[in-house]
Amino acid sequence: MSAPQSSKLNAQGYRHDLRGYLTGFGLAVVLTVIPFAMVAMGDTLDRATVIGVVAVLGVVQLFVHLRYFLHVDFSPEEREKVYLLAFSALLLFLMAAGTIWVLVNMNTRMMGMG
Amino acid sequence: MSGTSAIHAAPGLSYEAGHDHDHDAAGKALWGFWLFMMSDLILFGLFFATYATMLDPMSYAGGPTPRDLFELPGAAMETAVLLTSTLTFGLASLAVKYEQGRGRVLGWLGVTLALGLVFLGLEVREFAHMIAIGAVPQRSGFLSAFFGLVPLHGLHVTAGAIWLVILMVQIVGKGIDAGLTSRLARLALFWHFLDIIWIGIFSIVYLGGIV
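Residue numbers (our numbering), protein chains in the order written: chain A, 3 to 116; chain B, 13 to 223.
The set of hints was computed from the structure by calculation and includes no laboratory data.
For every residue, glycine included, the Cβ atom is placed at its ideal position computed from N, Cα and C.
A few chain A residues facing chain B, derived, Cβ under 10 Å:
hint	residue
1	L20
2	V31
3	A42
4	V56
5	V61
6	Q63
7	L68
8	L72
9	L86
10	L87
11	S90
12	A91
13	T101
14	V104
15	M112
Between the sequences and the hints, there should be enough to build the whole structure, so can you do that?
So, in structure tokens, the structure goes:
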């Protein structure tokens, strides 16, 4: 491959990669501004709705970061990383949900005794 | 392992450096760092779980509640700074990958470091204010959990900043070789990962506490 051609390909690759980071950043900004704005509106919105939106957009933003900043996708080459993330998420869920379950339960029982 | 070769194909985290042997070693090191990050994820996850169990009036122990302590502008500022630093680190990664020169790489890393330090400054100011008004870790279970979780993230950012300084010194001294690009790819993973943890902190601790 001649030098000018390869530098042209390089420039294309750079623009493509740059667009990826900027897209991720743009999405992350939107997904951050919406929940902050909703909380800032205070009591005009239903509390449960706001909590739901904050939780959902937080999870969406997690995937945006994984896709655009950590470059994890569902291509066959990335499959092992996806398995790793999925298994870690499973372990985390078991431990975190278990902790919350047991401790909240205990809180409730202690309240009953007091 | 088929996954390691794929790591090189990912934009931003892999760089066209060295021959195939270097490539494989760098890929394995990055894969190993992914495994470490997952153990760190579990650690943060359990601190989050502990914090969640402390969001109960009983755990405030008559002390300040999240609503009394947290303010939107401060959290928004910290979030904006950290998110921007993740983008500027990405731009530094691209400058390495496309061989845009030492100056450009150092420039973006410098901006990232500056933003990281601003973030830490904002956090320290927030913690100092909390301590000044008596919202210390030993005041209640809720505050113990808060000071376990949020400064743990700050400690990670501090470690990342020190690591960043070391790599910048190496770039100035020895230039950008295969070893440096490999180390920089791991720091990139670390830095982007910390921003993901911050999504959890601003959603659960700050927004969840204020709403």
